[in-house]
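Chains as they are written, first to last, in this note's numbering: chain G, 7 to 295; chain Y, 7 to 295; chain S, 7 to 295; chain U, 7 to 295.
For the record, the hints were derived by calculation from the structure and aren't laboratory data.
Do not rely on the hints blindly, as some may be mistaken.
Derived coverage of chain G by chain U (criterion: at least 3 residues anywhere in the stretch with Cβ under 8 Å from a Cβ of chain U; other residues may be distant) [claimed, not checked]: (1) 100-107; (2) 164-177.
Just the calculated beta-carbon pair ranges, DEER-fashion [unchecked claim]: (3) S:Leu30 x Y:Ala209: 45 to 53 Å; (4) S:Gln256 x U:Glu157: 47 to 55 Å; (5) G:Ala96 x U:Asp240: 53 to 61 Å; (6) S:Ala96 x Y:Gly212: 33 to 41 Å.
Partial list, derived from the structure: chain Y residues whose beta carbon lies under 10 Å from chain G [to be verified]: (7) Tyr32; (8) Asp46; (9) Gln256; (10) Phe294.
What you are looking at is a predicted structure, and each value in this text was computed from that prediction instead of being measured.
Note that beta-carbon positions come from the ideal geometry of N, C-alpha and C, so glycine has one too.
4 protein chains.
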Amino acid sequence: MQDSAVLLIDCPDRRGLVARVSSLLYEQGANILHADQHRDEALGLFFMRVEWALDGTAGGGTRFDLERFQQAFEPLATELEMRWTLTASAHRTRVALFCSRTLHCVADLLQRWHSGELRCEIPVIVSNHRDVEGLAGFYGIEFVHVPTRPEARAEAEAGQLAILAGHGVELVVLARYMQVLSAEFVARYPAQIINVHHSFLPAFTGARPYHAAHGRGVKLIGATSHYVTEVLDDGPIIEQDVARISHRDQVEDLVARGRDLERVVLSRAVRWHLERRILSYGNKTVVFD
Amino acid sequence: MQDSAVLLIDCPDRRGLVARVSSLLYEQGANILHADQHRDEALGLFFMRVEWALDGTAGGGTRFDLERFQQAFEPLATELEMRWTLTASAHRTRVALFCSRTLHCVADLLQRWHSGELRCEIPVIVSNHRDVEGLAGFYGIEFVHVPTRPEARAEAEAGQLAILAGHGVELVVLARYMQVLSAEFVARYPAQIINVHHSFLPAFTGARPYHAAHGRGVKLIGATSHYVTEVLDDGPIIEQDVARISHRDQVEDLVARGRDLERVVLSRAVRWHLERRILSYGNKTVVFD
Amino acid sequence: MQDSAVLLIDCPDRRGLVARVSSLLYEQGANILHADQHRDEALGLFFMRVEWALDGTAGGGTRFDLERFQQAFEPLATELEMRWTLTASAHRTRVALFCSRTLHCVADLLQRWHSGELRCEIPVIVSNHRDVEGLAGFYGIEFVHVPTRPEARAEAEAGQLAILAGHGVELVVLARYMQVLSAEFVARYPAQIINVHHSFLPAFTGARPYHAAHGRGVKLIGATSHYVTEVLDDGPIIEQDVARISHRDQVEDLVARGRDLERVVLSRAVRWHLERRILSYGNKTVVFD
Amino acid sequence: MQDSAVLLIDCPDRRGLVARVSSLLYEQGANILHADQHRDEALGLFFMRVEWALDGTAGGGTRFDLERFQQAFEPLATELEMRWTLTASAHRTRVALFCSRTLHCVADLLQRWHSGELRCEIPVIVSNHRDVEGLAGFYGIEFVHVPTRPEARAEAEAGQLAILAGHGVELVVLARYMQVLSAEFVARYPAQIINVHHSFLPAFTGARPYHAAHGRGVKLIGATSHYVTEVLDDGPIIEQDVARISHRDQVEDLVARGRDLERVVLSRAVRWHLERRILSYGNKTVVFD
């Protein structure tokens with residue numbers, strides 16, 4: 007992987023934003039690898055992602071000075087009311103996985119992490135059950151069992167938050183974690199908690215959605231990954247995918263197909279987050295691909 | 007196209023149904039081309055579609071006697087409490103197209119009909135606007151303008167029903183017809199009215215769904231074709247499809263993609279209905295492909 | 007549709023390209039609507055598409071001066087060895103449709119054009135058969151019948167080229183035109199002839215590809231639209247799509263699905279070309295979406 | 007999972023096949039759960055899959071006598087020149103996994119097996135490298151390292167065949183096993199070796215297909231699972247799937263998408279084989295879904 011930096015920006019739209027940012031990068035000698043912009047015309051917002059090389063491949067062999075750039079960039083960012091993050095690719099985001107008894111998502115994420123597809127650190131796996139313990143052990147990751155009871159959610163969450171803080175966690179992935187997080191918990195990690203859930207056309211809101219979808223005879227089933235906000239299974243959508251089914255598929259076939267979709271849409275969301283490709287605002291996302 | 011007959015059956019499930027139907031067909035000398043069955047275990051229902059040749063290709067050269075078969079089949083059907091239809095492929099279903107001002111679906115259906123892809127007759131096109139008149143004329147199809155006003159729906163529907171009756175219509179296709187049909191109208195054509203509408207994950211129920219989907223940042227948009235029941239945009243789903251979109255797509259791009267999906271899912275539903283591939287029951291369908 | 011201009015650029019990659027182009031636009035007062043860039047690292051090439059408003063919505067109410075911009079841009083383009091096109095959205099590309107006896111693609115394109123989805127002019131339809139004549143007449147488009155015989159291809163092509171020149175055609179769409187164009191013909195319209203063909207996994211090269219695909223039991227069929235180059239059915243790919251099939255689908259079902267795919271991938275390619283979204287180089291394309 | 011039996015048949019097509027098989031099952035008291043047939047008209051072949059309950063849920067509570075059925079069925083099968091298999095769901099197919107250094111497919115299969123999605127036994131994992139050893143140990147599966155050298159393939163294959171025989175293996179899954187099996191090896195397990203490979207439109211035959219696909223600017227990439235025959239990467243196709251890509255995707259993105267597709271199409275092929283849903287004949291398959 008290339009030694010690079012990614013600058014993510016969102017700010018009120020105005021003329022000359024691209025010119026000013028790209029001119030600054032040019033002056034500082036950046037060798038831009040990828041750049042993408044987006045405008046939300048309805049909201050008057052501007053979004054930009056720029057990635058450039060840090061090693062001296064394209065210039066006199068000297069390394070790009072990220073600190074100097076940051077000092078030069080800050081006044082511009084302030085003037086233009088930017089929210090921004092600057093991340094070097096050498097930085098490995100620290101990720102906690104939360105799961106319950108269904109392990110297909112967490113196993114998939116671990117395998118991708120192990121094979122190098124997900125460039126992050128996974129210091130801890132948290133679960134309200136012990137099913138994942140062996141898998142965590144195999145991959146050499148600390149496992150913490152935090153039992154949950156409805157009447158003691160606050161206590162459990164306090165424990166979880168302490169674990170996250172202790173491990174310096176920057177991203178929480180709910181890999182089929184079957185507990186609802188409180189608004190307080192969510193507020194501590196804004197746009198830093200990713201969840202996955204099934205999705206159907208039409209939508210089914212009850213307890214057994216696959217049964218409802220089967221009963222309704224839908225021809226497609228789907229899955230959605232999203233950032234977690236206070237509203238359950240809502241929040242900015244990151245990725246969605248669907249699979250075709252027929253009347254021949256039983257409920258268990260729908261569930262199996264759903265698991266395949268969940269693996270894929272969750273792992274993509276995590277990868278894009280790690281690669282700083284996602285900007286979320288309001289109730290939606292821009293995903294720079 | 008082969009000269010064939012299609013028998014569509016649904017009935018309470020019991021042992022030996024396939025054996026008894028297939029034995030009867032065998033005794034009568036049928037050369038089966040396609041056969042498919044389905045069981046809805048939850049509801050205890052059985053569904054079957056059988057298609058066999060009528061010309062004497064496979065036997066002594068004599069033509070299959072459809073009337074004699076029907077006489078032999080009727081007692082069996084009564085005994086086993088079957089709902090059934092028997093249709094020769096020579097029969098051309100008489101179809102009426104309803105549309106409003108948006109013509110992509112009706113134009114697509116007409117082109118498919120004209121090219122022989124949809125084997126039916128289209129004696130009449132009905133609209134509450136005149137936009138489709140030229141297209142109807144080009145294809146030599148009678149056009150009837152039935153203006154609609156909310157306060158005079160009963161009157162308009164009476165006119166429409168008279169047109170349908172006068173033309174012996176067996177299937178009504180709502181090709182982006184932007185009026186709600188009354189429950190009385192719908193009851194006259196059970197599982198004989200096909201509609202198409204957009205569909206999104208999550209669902210949006212307001213007046214401008216593409217705007218809502220864009221505002222919500224969905225990554226997929228879809229379309230659904232279905233039989234019309236009393237409940238608007240509900241009813242047994244026949245076909246669904248989706249397309250991937252991104253933050254780069256504006257509302258107008260979503261609308262354009264939606265139109266492509268609508269063309270495809272509506273025309274498939276119509277074709278499958280004409281080929282007697284669909285059995286609807288409760289709020290779902292079996293589509294024998 | 008917005009009154010705008012699109013600048014399409016490709017050139018050797020070097021530092022500061024985005025900065026210099028965007029700074030020039032900024033100085034000239036452009037209100038950028040969309041901008042996208044791409045780098046082909048292997049070939050060291052840079053690609054850019056910028057679209058900005060021409061009317062004075064965002065500034066002092068004056069209109070953007072496209073000629074003055076062009077004068078300022080030309081020295082920059084020369085210095086940076088750019089190939090470039092500058093097009094105002096008011097310009098309607100002049101398109102000729104070529105077809106043979108199968109009309110699903112040409113009918114689809116005409117309906118999209120008629121409904122305003124394809125913003126272009128279609129002064130002429132050319133065919134080696136007369137099947138499309140009625141459709142052309144309905145849409146008020148001149149139809150020219152140019153019969154083709156293998157031994158007189160040069161003569162037929164001379165006639166076709168004269169028609170294209172006479173109508174000032176800028177884009178030729180082969181909408182299931184079943185004749186091979188000569189290298190000389192193709193060289194006259196580089197990256198200005200769009201074709202569509204089926205595509206399969208694995209590839210079948212013989213005369214009856216749908217039969218071959220059926221015989222091989224493929225589970226997916228596809229279609230591809232591309233710019234025409236000297237090599238038949240090769241050339242830079244613009245769009246591809248696939249549909250799932252099963253052993254139940256007969257050859258005629260594959261053909262019907264294939265037609266649906268052809269409509270969609272061809273019409274998308276034409277729309278993207280009209281919107282100046284495609285840059286082709288070597289044997290591939292960049293499609294700015 | 008239900009206690010059931012599956013009968014898979016293929017034979018020359020003739021009248022009355024469904025009647026005779028279903029009548030026999032009816033006489034023996036079978037409670038049919040699923041039944042599906044297919045005819046290959048071009049080749050004059052008939053295919054059937056029937057699944058029925060073995061426990062006495064639907065009758066007098068007695069268990070279906072599978073041996074008595076088999077004795078009654080054999081003369082019929084002989085008379086009608088059937089190839090057939092009869093399998094009770096209690097039987098767990100014994101599967102060997104072969105892999106090399108890339109573990110995404112083998113890890114995915116193991117997780118699915120562990121979670122009960124794949125109902126089989128996996129007595130052994132064979133590899134020409136040691137990368138999978140830890141994973142095999144975690145799941146408690148015997149790992150055998152069989153190094154391969156081109157000049158000693160016969161020797162290595164003799165060792166592999168001995169391992170397969172020793173473990174009573176009935177299905178070999180090549181989960182990204184990067185060695186070509188000899189025709190002799192393949193002949194020992196006809197339609198019992200499943201492989202997965204990438205697939206592209208157009209096809210690329212060289213050593214680095216993802217690079218070729220990227221260089222050619224394809225808009226879709228795919229994967230195919232198939233039974234292994236003597237011809238490398240050929241053989242009856244079981245499942246295919248594709249993913250959409252764009253010019254923004256680098257070769258490594260294509261590879262990552264390809265891995266997702268490989269996981270899915272390989273695991274589906276294995277599941278369908280285990281559930282006796284696949285009949286292969288000539289160079290194609292029927293997959294009863």
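Status of the hints after comparison with the structure:
Requiring three or more residues with a Cβ within less than 8 Å of a Cβ of chain U, the coverage given for the region 100-107 of chain G is violated, as only 0 such residues are present. Closer than 8 Å: that is the beta-carbon criterion, and the region 164-177 of chain G has 0 residues meeting it against chain U, so the requirement of 3 is violated. In this structure the hint that Leu30 of chain S and Ala209 of chain Y lie 45 to 53 Å apart at CB holds, the actual value being about 46 Å. For the pair Gln256 of chain S and Glu157 of chain U, the supplied restraint of 47 to 55 Å holds, since their beta-carbon distance comes to about 49 Å.
A C-beta distance of roughly 45 Å is found between Ala96 of chain G and Asp240 of chain U, which places it outside the suggested range of 53 to 61 Å. Ala96 of chain S and Gly212 of chain Y have their C-beta atoms about 35 Å apart, which keeps the hinted 33 to 41 Å range intact. For Tyr32 of chain Y, the suggested interface contact is broken, since its CB lies about 25 Å from the closest CB of chain G, more than 10 Å. Annotation: Asp46 of chain Y was flagged as interfacial toward chain G, and the flag holds, the nearest CB pair being 8 Å apart, inside 10 Å.
Against a cut-off of 10 Å between C-beta atoms, the interface hint on Gln256 of chain Y holds, since the closest Cβ of chain G lies about 8 Å away. Given hint, Phe294 of chain Y at the interface with chain G, holds; its Cβ is 9 Å from that chain's nearest Cβ, closer than 10 Å.
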